[in-house]
Amino acid sequence: MLDQAPEEEVGVYGDRYCAFVDILGFRQLIDRLSTESSQFEALRTLLARVHGAKSGGASEQQSDFRAQSISDAVAISTLPTPSGLADIFNALELLAVDLLVEGYFIRGAVVRAPLYHDDKMVFGRALVQAYSLESEVVKFPRIMVARNVRDDIIRFSADSKLRVNSPDAKCLLQSLDGPMYLDILGPVVSLLKKNEHPFQKLTPEEKVRHRKYLGIRERIQQRYEESMDSPRHFEKVRWFAQYWNKAIPNELNLRIRDADRTF
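Residue numbers (the UniProt record's numbering): 1 to 263.
Just so you know, these hints were derived from the structure itself, not from any lab.
Hints should not be assumed to be uniformly reliable.
Below 30 Å or equal to it, Euclidean Cα-Cα: the simulated DSS-like pairs (lysine-lysine) are [unchecked claim]:
| # | residue 1 | residue 2 |
| --- | --- | --- |
| 1 | Lys139 | Lys246 |
| 2 | Lys194 | Lys246 |
| 3 | Lys212 | Lys170 |
| 4 | Lys194 | Lys207 |
| 5 | Lys201 | Lys246 |
| 6 | Lys194 | Lys212 |
| 7 | Lys212 | Lys139 |
| 8 | Lys193 | Lys170 |
| 9 | Lys161 | Lys139 |
Could you build the full structure based on these sequences and the hints that come with them?
Pasting the structure below:
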């Protein structure tokens, strides 16, 4: 099959898609942690979601999907195939939205470069590149997609056989400061719109997700107001609040107050 890498390439040091993401504000979260059990359980649940990152797709085995937890961060990798890229994007969308529901943002990068990743360890140029982009370039709560990964999407889209399993280029957006990033709010907007459609009904699972998504707006608003006395943190939250306001249709009345004002 075109979407599968040769068997001998699995488990060796070779090109893989690799994402490195971490939770913004984790250090402050630890500083506020007390011995009170509810706070501890909330943090433990949060980290379990990060460390248990999955793509949610049926092709995880085919794409050799792997996730490795590193403190408050996670490294995810797949084979450099269309389904591998789709799986890593799906995993990042699920993780980002799951943490948004709890009021936390993630920041990261996706690259394609040589990597070794098994059940016990992960190392290689891809991890170094993804970490460097996350810590030095990305800046805001977004998941940057490196140029060679974007080129892969274009290449996959041009091939009718590869296009079937590949992510759509529409899942990427470009920031005013340059980097392309994954539109993690795309699935949220789609479900919110579906709920408003007069001839479409949500499944029981979608109804649960819809209730969670409605709460994201209040979480972001809370983070926006809490960060005002910390300029470096405020600019990050404001960036995401503006991204939210641009993505969510006005008629849903879920805008973040004051996020679009000029100072």
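Hints versus structure:
1. Lys139 <-> Lys246: Within the cut-off at roughly 19 Å; holds.
2. Lys194 <-> Lys246: 18 Å, holds
3. Lys212 <-> Lys170: Status holds; Cα separation ~24 Å.
4. Lys194 <-> Lys207: 11 Å, holds
5. Lys201 <-> Lys246: This hinted pair holds, its Cα atoms lying about 25 Å apart.
6. Lys194 <-> Lys212: 15 Å, holds
7. Lys212 <-> Lys139: OK: Lys212 and Lys139 at ~27 Å, within 30 Å.
8. Lys193 <-> Lys170: Given that 30 Å is the threshold and the Cα spacing comes to 17 Å, the pair holds.
9. Lys161 <-> Lys139: At roughly 36 Å apart (the allowed maximum being 30 Å), Lys139 and Lys161 break the hint.
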